[in-house]
Amino acid sequence: MNWQIDLITLLLVIICGIGAISVKDLLGASILLGAYSFLMCVLWAVMGAVDVAFTEATVGAGVSTVICVAAVFQTTRRAKN
Amino acid sequence: MKKLGLLTVVVCGVLLLLKTAEFADWGDPNSPASRHLSPYFLENSIKDSAVPNVVTAVLADYRGFDTMFETTVILAAGLACFFILRVRKTEKPKSTYYRHVPTATTLRIIEGAVLPEQSKVFKRIDSVWVPFDLILATTCKAIIPFIQIFALYVIAHGHHSPGGGFQGGVVLGASIILMAISRNLGAAIAHLKEKTTVLMAMIGVFIYAGTGAFAALAGKNFLDYSTLATVLGVDEIMARSHGILIVETGVAIAVMAVMVWIYYNLSSAGKQDEGL
Amino acid sequence: MGEILDFIIAKSNYWSYVVLMMIGLYAMISRQNYVRKIIGMSIFQTAVILFYVSTAVKEKAVIPIIAHGHGEEANAAIEASQYINPLPHVLMLTAIVVGVATLGVALSLAIRVYQKYGTLEENEINDMIREQ
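Chains as they are written, first to last, in our numbering: chain A, 1 to 81; chain B, 1001 to 1276; chain C, 2001 to 2132.
Just chain A, with the same shape it has in the complex:
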C-alpha cells in the first residue's frame, strides 16, 4: 500500500468529518457526510476490503445521504450554535 496516498486520504477524511459537524447548514452537513463516506470507501478499497468498500459506496455514500437529506427536508435546514 502506498502510504502517501493513504495519508492524504486520511487527511481529507478528517477534514470532511470536522466540516460535517461544524457547518451551520444541515443540508451541507448531510452532503459532507456523504463525501466523508465516499472517501472512507476509497480508503477501504486501498486496504483491500473490496466487499466493505462496495457496501459503503452503496449504503454510506448513497442511501444514508438520501435519508439524511430527506430528514432535513422534513425538519429544518438551520442549526443554531
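Warning: the hint list may mix true and false statements.
Said to hold, decoys possible - Within a straight-line C-alpha distance of at most 27 angstroms, the following computed DSS-like cross-link-like pairs (lysine-lysine) qualify:
#1 A:K80 / B:K1002
#2 B:K1220 / B:K1047
#3 B:K1003 / A:K24
#4 A:K80 / B:K1003
#5 B:K1089 / B:K1271
#6 B:K1123 / B:K1141
#7 A:K24 / B:K1002
#8 C:K2060 / B:K1094
#9 C:K2116 / A:K80
Unchecked claim - One-sided and incomplete, this derived list gives chain C residues near chain B with beta-carbon spacing under 8 angstroms:
#10 G2002
#11 A2010
#12 S2016
#13 K2058
#14 P2064
#15 Y2083
#16 H2089
#17 V2090
#18 L2093
#19 N2126
Note that these hints are calculated values from the structure, not bench results.
All residues carry an ideal CB built from backbone N, CA and C; glycine is no exception.
Got chain A; can you put chains B and C on it based on the hints?
Positioned in the frame of chain A, the structure of chains B and C alone reads:
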C-alpha cells in the same frame, strides 16, 4: 458544556493514543487478529462450499446465524420507522397540482373540482413547486433498468466477485429511491406499494430462516445447507454453494424492501402523499 | 531518523482513527442540534469500522478472493498469509448495513421531535419541557 465536552474528548483521545503503542504493527501478517480463525476460513472455503470469495462464504455459511439476525435487525428498524412516523391519512389536501404535459403548464385544482386521476395528459405533481426538468427525468428513466440489472448481477455473482445480498439489495432499493427523487413519491409508490415492501421484507427474512429451519427439520444442524443436496440433486459441496445463493437472495429482498420502506416514511414524514 | 519515520508510518493510521472517533464523540457531547448529534454518531461508527478493517491488512497480500482453477490447479495448496484476513470484513459489512437502518430510526425520531416541539435544539426543548 462545551468546555466539559472538549475536556472529556481530549482525555479520552490521549488515553486511546497512548494505547496505540501496544497495537500490532501496520500490515503485520502475524497479528493476533489474523492468526486464529481466519486461516481456517481461507484454506477451507473452496473445499467446503466451492465459493472463492471468502467473505461471502463466511458471511452466509460459517457465520450464518450472525447474518440471519442482522437481517432481522434491519426488518426491526423498518418496523420501528413505520411505528414512529406513519400516520393515517385523514384530511385530503385543499388543493392539488397538476402539470399539463404537452404545454408544460401547471394547474391548481381547488377543492370540489375533479380531474381524472389516470389521465395521460395531466400528471399530478407535488405542492412544493419544482421546475420540470426533461433531461433529469429522461436520464433517470433510461438509467433505472440498467441499475436494476446490475443489482441482480451483483447478487448472483457474489460467489466469485465482490458483492452479495446486502450490496445488491441496497442497489435495487436505490433504483426505486432514484425513481422517487427524479419523478415524485407517488410515482414510486405506484410501482412499489408500501404493503408490497412490508410483505417483501417479511418474505426475505422468511426465506433465510426457512432455509435454516428446513435443514433442522431434515435432521441436521440449523442452517446446514448440505441438507439441500437431496432436494437440488447435487453433491454436498455444491449444495452449500446453492444454499448461500438462496439465503443471499432472501437478504437482498429484505434489505431492498426495508430501504425503500424507510425512505417512503422518512421523506414524507409518514404521510406518504408527497415528499422529497 | 529512519526508525522514527517507520514508527510514524506504522502508527499514523491508528492515530487518525482516534482523531476521527473523537470528532464524532465531541459532536455527540457538545452539539445541541439533534441532526448534528446523529451525524456525529455516524462518524464515530465509521471510525470503529475503519479500525476493524485496518486490523485485517496484511503486507504483500491480495484481496480475499481465492484464485482457483480446474484440474491440476484446483488442488494447489492455499497459503493463508497470501490473502487478507476476511473475518473483520464480514463483521463490518453487516455493521454498515445495520448502521444505515439505525440511522433511519434515529432520524425518524428527530422528525417526530420536530413535529412536536417545532425545533431540533436540545436546550430549547429542555426549556419547553421545564415550562410545562
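Do the hints match the structure? See the list:
At roughly 14 angstroms between alpha-carbon atoms, K80 (chain A) and K1002 (chain B) fall within 27 angstroms of each other, so this suggested pair holds. Restraint check for K1220 (chain B) and K1047 (chain B): the C-alpha separation of about 20 angstroms stays at or below 27 angstroms, so the hint holds. A hinted pair counts as satisfied when its Cα atoms are at most 27 angstroms apart, and K1003 (chain B) with K24 (chain A) qualifies at roughly 20 angstroms. Taking the CA atoms of K80 (chain A) and K1003 (chain B), the gap is near 18 angstroms; set against the 27 angstroms cutoff, the hint holds.
About 7 angstroms separates the Cα atoms of K1089 (chain B) and K1271 (chain B), which keeps this hinted pair within 27 angstroms; it holds. Straight-line distance between C-alpha atoms of K1123 (chain B) and K1141 (chain B) comes to about 16 angstroms, which keeps the hinted pair within the 27 angstroms bound. As the CA atoms of K24 (chain A) and K1002 (chain B) are separated by approximately 16 angstroms, the hinted pair is consistent with the 27 angstroms bound. For the suggested pair K2060 (chain C) and K1094 (chain B), the alpha carbons sit about 66 angstroms apart, so the restraint of at most 27 angstroms is broken.
The suggested pairing of K2116 (chain C) with K80 (chain A) holds, with an alpha-carbon distance near 19 angstroms, which does not exceed 27 angstroms. Using the Cβ-Cβ criterion of 8 angstroms, the hint placing G2002 (chain C) at the interface with chain B is not satisfied: the shortest such distance is roughly 15 angstroms. At its closest, the beta carbon of A2010 (chain C) sits 5 angstroms from a beta carbon of chain B; the interface hint therefore holds under the 8 angstroms criterion. Given the 8 angstroms rule on beta carbons, the hint for S2016 (chain C) is violated: about 10 angstroms separates it from the nearest Cβ of chain B.
About 4 angstroms separates the beta-carbon of K2058 (chain C) from the nearest beta-carbon of chain B, less than 8 angstroms, and the hint is met. Because the beta carbon of P2064 (chain C) sits about 4 angstroms from the nearest beta carbon in chain B, less than 8 angstroms, this interface hint is met. The closest approach between the C-beta of Y2083 (chain C) and any C-beta of chain B is roughly 5 angstroms, which is under the 8 angstroms cut-off, so the hint is satisfied. The beta carbon of H2089 (chain C) comes within 5 angstroms of a beta carbon in chain B, closer than 8 angstroms, and the hint placing it at the interface holds.
With its C-beta approaching chain B no nearer than about 5 angstroms, V2090 (chain C) sits inside the 8 angstroms limit, and its interface hint holds. Because the closest C-beta pair between L2093 (chain C) and chain B is about 6 angstroms apart, less than 8 angstroms, the hint holds. For N2126 (chain C), the suggested interface contact is broken, since its CB lies about 12 angstroms from the closest CB of chain B, more than 8 angstroms.
Figure legend: structure checked against the earlier numbered hints; hints not met, in rising order: 8, 10, 12 and 19.
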